[in-house]
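Student: Chains C and X, in that order, give the protein sequences. In terms of my numbering, the first sequence opens at residue 11 and continues consecutively. In terms of my numbering, the second sequence opens at residue 3 and continues consecutively.
Any given hint could turn out to be false.
Interface residues of chain C toward chain X, partial, derived using beta-carbon atoms under 10 Å [unchecked claim]: (1) 62; (2) 86; (3) 89; (4) 90.
Don't read these hints as lab results, they were simulated from the structure. Bear in mind that the values here come from a model prediction, so they are computed numbers and not experimental data. Ideal Cβ placement from N, Cα and C applies to all residues, glycine included.
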Amino acid sequence: MTGTHASPLRRHLITDSRAGTPERMEAIVAAALCGGMTAVQLRARGWSDRTLFDAAQRLRRLTRQHGALFLVNDRVDVALACGADGVHLGVEDLPVETARRLLGPSATIGYSPDSLEDAVLAIAAGASYLGVGPVFPTSSKGDAGAPIGTEGISLMVDSVSVPVIGVGGIDPDNAGAVVGAGACGVAIVSAIFLADDPEQQARRLAAVVP
Amino acid sequence: MTALHLPRIHLIGPPEGMDAEVFVATVAAACQGNDVAAHLRMAGRDAAMQLAIARKLRAAASIRTLIINDRVDIALLVHADGVQLGERGLDVVSARQLLGPDALIGRSIHAIDGAREAEAAGADYLIAGHVFSTSSKPGEPERGVGWLAQVVSAVTVPVIAIGGITARNAHAVMEAGAYGIAVMSAVLWAAEPQKTTAEIQRIVESCIGGEQ
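Pulled out of the complex, with its shape left as it was, chain X reads as follows:
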């Protein structure tokens, strides 16, 4: 088990159509007073642009945990707290060699076999989904909370649930055994991102209240 601090709320972006500067400001606001891992996910975008945004996120005082998706080099350059590797991303062992033992390394999984493999390779946590259907990944099948519970019981590492999660269904996801939840549109397009994040955090904490 890792001794690293893994927040229970993971905020991933920017979503399609959100300006990078707006994204940085929105994430910084959402993280204010909340224990959040901010993920930069800009698959397919220029590395120079990704680095510039990553530096801005790192400079935001409210963002205490910064995770870079897929680009281990950018994570190294901005002293990110870790990386999130896609199912078709670099392998966990290589990332660990580059980042060292003190980095959080998460793997995104969409199948139970993939969850077991990622754990065996040394992933600190998994992001599993999509639990519910979501407008950001319209082609992704909805796997449901029953499937999520199966993933949780197949591994010992923390499982973060992703896909269509909001304050309304966060309770059911936590009841299925998730360690935490990943959100994108529900917070980033919210009228008050900080309040919405705090609300989700309260639900998550209420579900784990007795255990920790």
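Just chain C, same shape as in the assembly:
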């Protein structure tokens, strides 16, 4: 794939409701964006819709200031209401074609497939990119399944025509291997959200995934 270094999917931050409040989430995301993250996906399981929307509005402002892509996990309505660039969907979320219908042709729609067949169907339905993993063991998503390793990334990259980003247990120390396996970018949760210095972690990531 050409031009992947310029892709906004290159260094993707997924938020974590363990941030506690929208204010604290905003502060962590702001630091990570200063450190060079290129996309933010808002995920906050367990938060009320009102709190989620509060966070969405804050992160929309921040990502706009930094020229970063902003996606909302699962909630197409929240994405529409806050003017996000798109959504990220999983197998139990709204089907990709319905999200595409609501968001229009220019929206970015990410999808986390549970198999190669599922990935191919999602692409046909309008998915812009795939989030594939967990590449490594992860603590941030209890239902993530067994790690697929960098081999799993290569297999998906070789089989599909859209960008693939690796997700799950990725940090600045192992991210190089994920893009080395052909991923267009990496998505990070805990390595930034639980870090003492999120900006420094983002800078370390940008050094290995430029």
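Let chain C serve as the given structure and place chain X on it in line with the hints.
Tutor: Just chain X, lined up with the frame of chain C:
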């Protein structure tokens, strides 16, 4: 005031422990010949599943008014008649922007301040409760018909009463000034949901007979 048709009977489900398919069939039966707003409320369940159930409800010919709880995206996809936003749900203004002027937007409230705020934000109606205690929300305090009357007098939009309402106490709720009532278990677990709904509807209509 909205020119949209707001039914006086609101049937909300599925209740805890009811299979989704049974729920769809029961609501469709209850709505037969009755003027009911069917609400899909599956908080915390997968969107894919909620969409599938919403589509089945929309396909049922007897359900003329379909309201989706909280998920504005699902309401858009199934061409629902409106949404019901929880007290901690999305704001009315955002929902209105997405759904347009022809959608019913209800807000659930548990306090008089919340009722005033929801009205100011453009809610078409409110669902207020819990008036009586109910097995479906055991932690909710019983606020009573006196409180309901206070809510009704604090706003100009229609107020639908919720919480432990049955054919036995529906009259008292309407006397307190409610526009209509919301029921869940009283109808959905009834032996004959259509008859029970019709009975409640008769009580509601008898209370408003002189006004409309």
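Student: Now look at each hint and say whether the structure bears it out.
Tutor: Going through the hints against the structure:
1. 62: holds (9 Å)
2. 86: Result: holds, 4 Å to nearest chain X Cβ.
3. 89: Holds: closest Cβ of chain X sits about 8 Å from residue 89 (chain C), inside 10 Å.
4. 90: holds (6 Å)
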